[in-house]
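Visitor: Let the hints inform the model, and build the full structure from the sequences given.
Protein chains in written order, with this note's numbering: chain A, -11 to 308; chain B, 207 to 696; chain C, 15 to 245.
Take these hints with a grain of salt, some might be off.
[Unchecked claim] Far from chain A, some chain C residues (derived; all Cβ distances over 10 Å):
#	residue
1	Leu54
2	Tyr79
3	Ala125
[Claimed, not checked] Between beta-carbon pairs, the in silico distance windows are:
#	chain 1	residue 1	chain 2	residue 2	range
4	C	Ser123	A	Val(-5)	20 to 28 Å
5	A	Thr126	C	Gly133	18 to 26 Å
6	C	Ala72	B	Thr434	39 to 47 Å
Calculated from the structure, these hints are not laboratory results. From a predicted model like this one, the values you see are computed outputs, not experimental measurements. For each residue, glycine too, the CB sits at the ideal point set by N, CA and C.
For reference, the chains in residue letters:
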Amino acid sequence: MSAALPVPVIQFLQVVTIAAAAPGVSGVIARVEARLQGRTGPRVLQLYYDLAKLLRKEALAPEGASWVFLAAPLAAATCYLTVPLLIPVLTSYGLPLGYMGDILGGGFILSLASFVVAVAALETGSPYAQLGASRAKTFAAITEPVVLFVVFTVALVTGTDLPYALAATVRSSAGQIVRPAHLLAAAALFMVILYETGRIPVETHTGTNEFGMIEEARPFEHSGPYLALLKWGSAMKQLILYTILLNVFVAPWGLAATPQAGAVALAIVALAAKAAALGTVVAIIDNSFAKLRLFKITEFVAGAFLLAVLGVFTLYLGGG
Amino acid sequence: MLAIIVILLGAPVAAALVSLRAPLAVAQAVTAATGALCFALVLALVPAASHHDLGYLSYLRIDAVSVVFLLATSFLYAAVAVYSVGYLPRDSRSPGFTRYYRRFYAGLNLFAWSMLAAPMMSSLALLWIAIEVTTVISALLVAIADTDGAAEAAWKYVLIASAGLGLALLATIFAYYAGAQVLGEHYNLAFGPLLHAGARLPHAPVRLAFGLAVLGFGTKMGLFPVHTWLPDAHSEAPTPVSALLSGSLLAVSFYAILRYYQVAVAALGPRFPRDVLLVFGVASLLLAALYLLDQRDYKRLLAYSSVEHMGILAIGVSFGAPIALAGVLLHVLAHAAAKGNAFMGAGVLVRKFGSKRISAVRGGLDLLPWSGPLFLLAVFALSAMPPFGIFRSEFEIVQGGFAASSDAGAAVLIVLVTLAFLGLSAAANRMLFMPADADAAARYSRGEPSAWMVVPVAAGIVVLLVLGVHPPAELTGLLTRAAALLGRVA
Amino acid sequence: MAAVAAPSVFAGAANVISVGVLLAEFGMFRQALLRDQVRLYAAQSGLISVLAIVVAAARHLPELYVLAALSAGLKLVIVPLVLRRLLRGAGEASPGEGWSDIAGTGALSLASTVLLAIGVAAFGFFSIGALGIRSPVLPLTALAISVSVALVAFVLMIMRRDVASQAIGFLSLENGISLTALVVAAGLPLILEVAFLFDLLVVVVVFGLLIRVHHGRAESLSTADLTSLRG
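Guide: Right under this line is the structure:
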């Protein structure tokens, strides 16, 4: 009979799970992708070693960069550590701090993190960093409304803004999975995730194709511990977005319904497994499609926008 | 009666089949005979339809309104069949000519058949199918001439008209929905029961169906803004086909709108349907009148004149008074005759002067001792000059406008028709009265290209005079009954 | 704000298939190759047949099975075959044209066209929602989607610059209308359904002839030259 964990411990575990598992998920994706290509690939824990190595290195800043350049990685990491408090990571019921912000608030905090990193990149004066930052914000003009429409879908379906409520609704009956609004919102969110995490068909995650870089170019000028924070931050962002997609839309099962330690441990394992599965899907997509040319990325995000808008329309008419 | 109808439906098909195989003279003779036969048969239907509605085989339903449109079509069928004897060169030796005339005559007969069948259909679904058939056949006929312009015109026509008929199909579906609410799920879109159940039909679907029907069938009728295919198709088609297109096909599409109008008035009351028709009618009339002032091609000129007259028809129906409706139906007949004449005359001009441009035609009255004056008379008739039939019909429409207190509408009608008259007569003036300069006079000999091309036009002028001066009593009875059927509000 | 109730499994499935049809319509904007457009059209027709079968099974309307089979045979097999033969013919006459051809570029860029089409589809959705027409067999969303498919097909036809794409756009318009008929009139006697198939057959014949005529004259499928008749 496992002991019931106190609520603050569970909330702390939420943040720790995301923070600790994030590099692992990236490692899984890299490994699976390499395997699909017939190579052995890096070890799954490689990113942890990379972060440890970077923490030991010297940090440099370009001339003319101000305190924003140094503060940005810290601010971004802080945001990424805050969001797991708001979304259903481990439990299927809302935790007290989870009411700090609804799903809209979570979306805004993620945007804030992206914004400060972009500002820091613009500050550096390096052409590639500025290129990446400006491109990221240009496409964000379309992807941010997509996220909003996805949020509206959640709101229309459940009548609340809380991701926990949507997860509960989805778990409640088979009919919920079959709703077109649900499927459309999930598809739109997945396309936004591909964009935000810098995967095919938006960007090549591996290698340094400078002219195509969007996400990858922004941390170009950071080094040492700051670079470690930024890499870790983007891995956390990836896992957070996966968590939202999985635990709210696609597969909201395996979450702890009670504060028993055993249930929570099971939830951690379930989350890791689901994230790994989604990562495998992303790796397969990586290997199956070609990167889109830059000006065609607008078509891609317009497609995501279309799906999100249609999801809201079908709901608006009732029953979608 | 049933025998008449069966022959009406069967004879053109038989003629088409014959034309596919027979030599040219036989095909021409058979087509002309079939045309005359059909006209005579429709005349025989007039007395019966003036008193009651006829229905046979549960697919056919003929009332006074149908017979009016049948008259328009069958008259032009006969006239055009005779005209084409002169239009097609008898002794052409060019290699594709056999295929050309076979396809031409088969198409002509089938086209006339489909336009005769449409007003006789009892169900809205069959009506739509018939009009779709007319679109297909006429598109193929427009493309039959092997020129760039014809290919372009036929493509535009088929695309726009088919899209419009798609909207009309949506209208049919919503009309089914409305009817099914009252008459049960197995309602087969029969027109009679729908009209009877008019007051009980739900409003929203009927409104939607009427709007879509006006837009969809209006595409084939030539209402603004979906008329854009009309000038191209009517000017690029061979002349007999243009005459049938302008004179009959537009009218048959108008017939479809009239049926939806009847249902809409029965269900929604007269206000909404009349307003819709008024808007489209005035817009079409305005556009046509303006374009008529600046034309370079005289067949295109006549095509815009068709748009003008279709606008007048829509405005006439929107007035709603019984005399306006009678005027509208008379206008259908008179316009068929006049437009057919005008196109046939234009065909003679094309044959004589070798060009469709107004600037290329000079001294028509001198060089064409018969067709010149006849063309002039046709243009006068189109411009609503007395004593021709169109003057009488437009007078009745305007009278109906004042009777229904739509003074503004009637005034707009008069002004725009005058504007159109200016456009038409300016072009006709240039073509017919201005003397040809010396070398042109030397190039063209004086004389008619063919007597076959003169006789139908003369017959048409006689018909217009009869309609204008003293329509026969049976015809007036038919028109009165048809107007009463259309005007039934309760 | 009150929660929107979940639909039944049947309604949800029907809505999903209808949304698939609409997405296929939007997908046609993206397709550059004519053969991809034809395949997408076949996929769209297949979805409609599937929906007809679903409705037939759930609402016990055996005629719909026959209809679904007929329309699947026509639209999935015959029409793409005819179109392929036409376009191959065009491709042989002038190399670089026809089946493997890139469709002509439209007036607006793709993203702008999609946004315009979204606006048009929104208009269709909300106007149907305001009309209060209730179908006996399918949920309201399916009716709104079917009207939106028709409207978006109009946008497609307007934006396209070559003859074959306009023809395929028109065929997808017919798909939208047949979806509307399925929603509104599923209990209808066969006459209206026959009207569709007839219409489609006839359209393919005419379009085929005209594409051939046009191509024979202009040696290209582009409509950029169809500008001589003006005024």
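Visitor: Give a verdict on every hint.
Guide: Status of the hints after comparison with the structure:
1. Leu54: At about 14 Å from chain A, Leu54 of chain C clears the 10 Å cut-off, so the statement holds.
2. Tyr79: holds (23 Å)
3. Ala125: About 4 Å separates Ala125 of chain C from the closest Cβ of chain A, which leaves it inside 10 Å; violated.
4. C:Ser123 with A:Val(-5): 20 to 28 Å: Since the Cβ atoms of Ser123 of chain C and Val(-5) of chain A sit about 52 Å apart, the hinted range of 20 to 28 Å is violated.
5. A:Thr126 with C:Gly133: 18 to 26 Å: Given range 18 to 26 Å: holds, Cβ gap about 22 Å.
6. C:Ala72 with B:Thr434: 39 to 47 Å: Distance hint for Ala72 of chain C, Thr434 of chain B holds at roughly 44 Å.
The structure fails hints 3, 4 (numbered hints given earlier, in ascending order).
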